[in-house]
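Trainee: I would like the entire structure built from these sequences, with the hints used as guidance.
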Amino acid sequence: MTRISDTFFPSRPRATRVQFGRGGPEVSQVCFGTEHIVTCTPSFGGSLLADAADLYDVFFIDTDMVYGSHPQVTQAIRTAGRSRFVISTKTYAKTEQQARKDLDRIFYELGTDYIDIGLLHRVRPGAMDEHRPPLEVLLQAKERGLIRHVGLSTHSPEIAAATSSMPEIEILYVTLNREGSRLDSGSREEMQQALTEAHRNGKGTCVLKTLGRGDLVHDLKTALEWVLQFHEQIDVYCIGFSSLAELGEDLALINHYFSGV
Amino acid sequence: MDRLLIKGGLLATFINEAYETLKIVEGDILLQDGFIAEIGKDLKDEETVIDARGKLILPGFVNAHSHSLASILLKGLIEGQNLGRLGDSLPLRISKITEIALSALSLEEIESLLRLALAERLDGGTTTLLEQCSPEEVALWKKLSVETGIRVEALSVDPDLPAQEKSRGNESRWIGPLPVENWEPDRLKKIREALRLPEARVMMNMPETHAEMEAFRKRFGTTPIRHLSDADLLGPRLTISHCLHADQEEQRLLRETGTRIVHCRPTLMEELPEASLWLRPSSRLLLAVGTDFRSGEMLDLLRELALLINLGTQTTDKLKAPDLFYAATIGGARALGREDLGRIVEGYRGDLLVFDTMHPRHRPFAFPLISAIHHGSSSDIETVIIGGRIVKQGGSLSGLQHETIMGEAEEAVWKAWGHCRKLGVL
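Residue numbers (this note's numbering), protein chains in the order written: chain A, 370 to 630; chain B, 20 to 445.
Keep in mind that the hints were calculated from the coordinates and are not lab data.
Glycine is no exception: its CB is placed at the ideal position from the N, C-alpha and C atoms.
A hint or two may mislead.
As the list claims (entries may be wrong) - Per label pair, the in silico range of CB-to-CB distance: (1) Y477(A) x R236(B): 53 to 61 Å; (2) E505(A) x T241(B): 41 to 49 Å; (3) S554(A) x R271(B): 48 to 56 Å; (4) R271(B) x R381(A): 43 to 51 Å; (5) R274(B) x E512(A): 44 to 52 Å; (6) R236(B) x V586(A): 34 to 42 Å; (7) T464(A) x A230(B): 36 to 44 Å; (8) T464(A) x G277(B): 23 to 31 Å; (9) G413(B) x E395(A): 22 to 30 Å.
Claimed, not checked - A few chain B residues that don't get close to chain A, going by computed Cβ distances all over 12 Å: (10) E39; (11) V44; (12) L75; (13) E155; (14) P217; (15) A219; (16) V444.
Mentor: Okay, here's the thing in structure tokens:
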């Protein structure tokens with residue numbers, strides 16, 4: 370059936386599906402970062418996410434308690450069904466007790482009985498040992514089937530390098546953009562090296578802050594193309610969108626890039 | 020144990036898990052003994068329940084800079100006027116009118132004016148007010164605060180810097196506001212010494228117009244922010260109002276020291292600086308807002324600021340509705356040194372607004388803060404709760420009869436204006 374929307378947008382881009390690391394889930398190559406949809410009602414945000422999956426095949430969603438976007442993600446689940454999405458979420462916890470509390474809250478707020486990817490959030494340089502107890506909690510949750518894959522997000526090349534060979538970390542989210550901005554330490558070159566190592570070791574690799582959390586949105590094409598040149602080490606591009614028009618524009622650029630690769 | 024349940028509303032608040040973020044979520048709120056005791060879904064019914072289905076629940080507004088007496092006395096006299104023609108005499112004229120009123124009116128008459136201003140504040144969702152006033156008004160504000168429930172910190176301008184009384188329920192201790200003409204280094208040094216008391220806070224009103232800035236530079240040989248920096252006064256316990264002029268270096272000083280800034284609408288619109296620092300989220304300053312000597316309420320102020328921001332020449336890096344909402348809630352609380360106000364979070368004070376969205380001007384309803392700021396008004400605020408106490412419900416204020424208040428205040432204003440005309444001020 371031809372939809373009216375097809376008439377207006379006959380060449381709407383659809384996201385490529387990729388394997389997120391050795392043994393990881395199949396996900397859309399573009400992940401919907403939900404940080405920027407917190408200003409709308411849960412129902413509007415939920416319909417945005419459901420439409421992202423339906424119209425663009427962007428069904429991989431990144432959230433966490435800190436973003437404030439749980440209500441919108443919850444509504445998306447109610448609208449399109451839990452199995453329609455792959456959801457990653459994170460905990461900032463540094464203690465076992467806090468990690469358990471965070472997980473309880475995540476499951477309660479999202480209204481789901483499983484999370485696809487559970488991550489330690491923003492592990493800072495020199496802090497890996499502090500995050501071991503929460504990591505144990507995530508691994509235990511995985512054993513119980515509550516979390517399907519365990520990972521870590523960091524803005525530090527040092528941490529990215531350290532975790533690139535940790536067997537218990539299956540998935541790695543790192544900050545990478547043309548300006549080298551939003552890093553906690555080190556350089557973008559060091560982050561690229563860590564990413565290469567992680568990918569070689571079979572980790573699912575995802576880049577965050579590709580547009581510098583909005584700093585580079587005025588120069589979208591160049592900023593994205595800069596990150597895309599490292600596509601051999603990157604499985605997923607997590608980008609924050611506030612509208613499907615933005616998503617469509619970015620996705621078209623990414624797909625165009627890969628059509629020439 | 021006073022318990023009140025607000026059921027089924029759409030809560031909009033900033034939360035601070037690791038950093039500030041906005042959260043909009045449906046839920047119930049249980050207030051107990053003046054605090055937010057619990058937020059959740061399907062909370063058990065209580066004896067007192069407010070049905071908030073279809074309503075937006077906001078934290079109460081914090082008006083961080085107000086001259087309520089002046090706002091009543093000047094109403095109708097300054098709107099639409101070219102205030103630039105009054106030049107340097109504007110603040111003098113405002114204070115002259117207020118001085119005349121204070122000398123010509125009885126305390127009861129002054130109270131009637133404050134009561135009218137208070138009715139407007141409460142009606143518009145202000146639950147906390149930082150009032151700069153005359154010494155005579157301080158006691159009146161204390162009385163009105165107890166009577167109506169509004170949180171008021173009343174500071175009187177006094178060049179000798181007596182310590183202000185502790186306001187009700189608040190542990191901080193205000194110094195100032197010190198008039199600009201009294202910013203000599205030795206006075207600033209005294210303030211610095213007074214800040215050794217851990218609960219002390221300082222309020223300063225900055226020069227606002229170009230003429231005021233020029234006069235300051237001539238007198239002190241530097242800019243106001245650098246002058247305060249040299250006196251080692253910048254910091255989280257300093258709140259400065261009317262801060263419209265700050266270059267990059269001064270913005271850095273304000274940002275790095277955590278100095279709180281209160282913005283009001285510029286007095287002289289023709290001087291709206293292109294590089295006005297409050298136009299830029301990237302300056303990352305701790306902003307609050309206040310109505311100053313103008314009439315009109317917080318939603319009016321926020322809408323005005325939102326429109327003014329669009330006059331700026333840059334296309335990105337503009338303050339948006341959530342930023343302004345932040346300034347009117349958390350920003351204001353921080354400017355007052357309060358960590359228990361400004362959010363809908365368990366443990367915070369039960370200061371809440373129930374905002375009716377079931378009106379054509381709010382439909383379609385997808386962006387709550389945009390709707391409230393760009394399309395909302397005081398009449399949409401159907402319930403105001405302060406410390407768990409309902410002070411406005413169904414559109415009516417508790418204990419403040421509009422007709423009586425308006426009648427008494429109007430008589431007092433006519434009397435004050437009459438005296439002003441006799442003295443050639445009006």
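Trainee: For every hint, state whether the structure bears it out.
Mentor: Results for each hint:
1. The hinted window of 53 to 61 Å between Y477(A) and R236(B) holds, with their beta carbons roughly 58 Å apart.
2. In this structure the hint that E505(A) and T241(B) lie 41 to 49 Å apart at CB is violated, the actual value being about 57 Å.
3. Here the CB-CB span from S554(A) to R271(B) is close to 22 Å, at odds with the stated 48 to 56 Å.
4. For the hinted restraint 43 to 51 Å between R271(B) and R381(A), the CB-CB distance of approximately 45 Å keeps it satisfied.
5. Under the hint 44 to 52 Å, the C-beta atoms of R274(B) and E512(A), about 46 Å apart, fit the expected range.
6. Restraint check, R236(B) to V586(A): a C-beta distance of roughly 39 Å satisfies the suggested window 34 to 42 Å.
7. In this structure the supplied range 36 to 44 Å is violated for T464(A) paired with A230(B), their Cβ-Cβ distance being about 57 Å.
8. Hint check: T464(A) to G277(B), Cβ distance near 28 Å, so the stated range 23 to 31 Å holds.
9. Range check, G413(B) to E395(A): about 55 Å between beta-carbon atoms, so the 22 to 30 Å window is missed.
10. Separation of E39(B) from chain A is inadequate, the least Cβ-Cβ distance of about 9 Å not exceeding the 12 Å criterion.
11. Not every CB of chain A lies more than 12 Å from the CB of V44(B), the least distance being 4 Å, so the non-interface label is violated.
12. The claim that L75(B) is not at the interface with chain A is violated, since a C-beta of that chain comes within 12 Å of its own (minimum 9 Å).
13. The non-interface label for E155(B) is consistent with chain A: the shortest C-beta to C-beta separation is roughly 44 Å, beyond 12 Å.
14. In this structure P217(B) is separated from chain A by more than 12 Å, as the shortest Cβ-Cβ distance comes to about 29 Å.
15. With a least CB separation of 33 Å from chain A, A219(B) remains clear of the 12 Å interface cut-off, as annotated.
16. For V444(B), the condition that its CB be more than 12 Å from all CB atoms of chain A holds, with the nearest at approximately 47 Å.
The structure shown violates the earlier hints numbered 2, 3, 7, 9, 10, 11 and 12.
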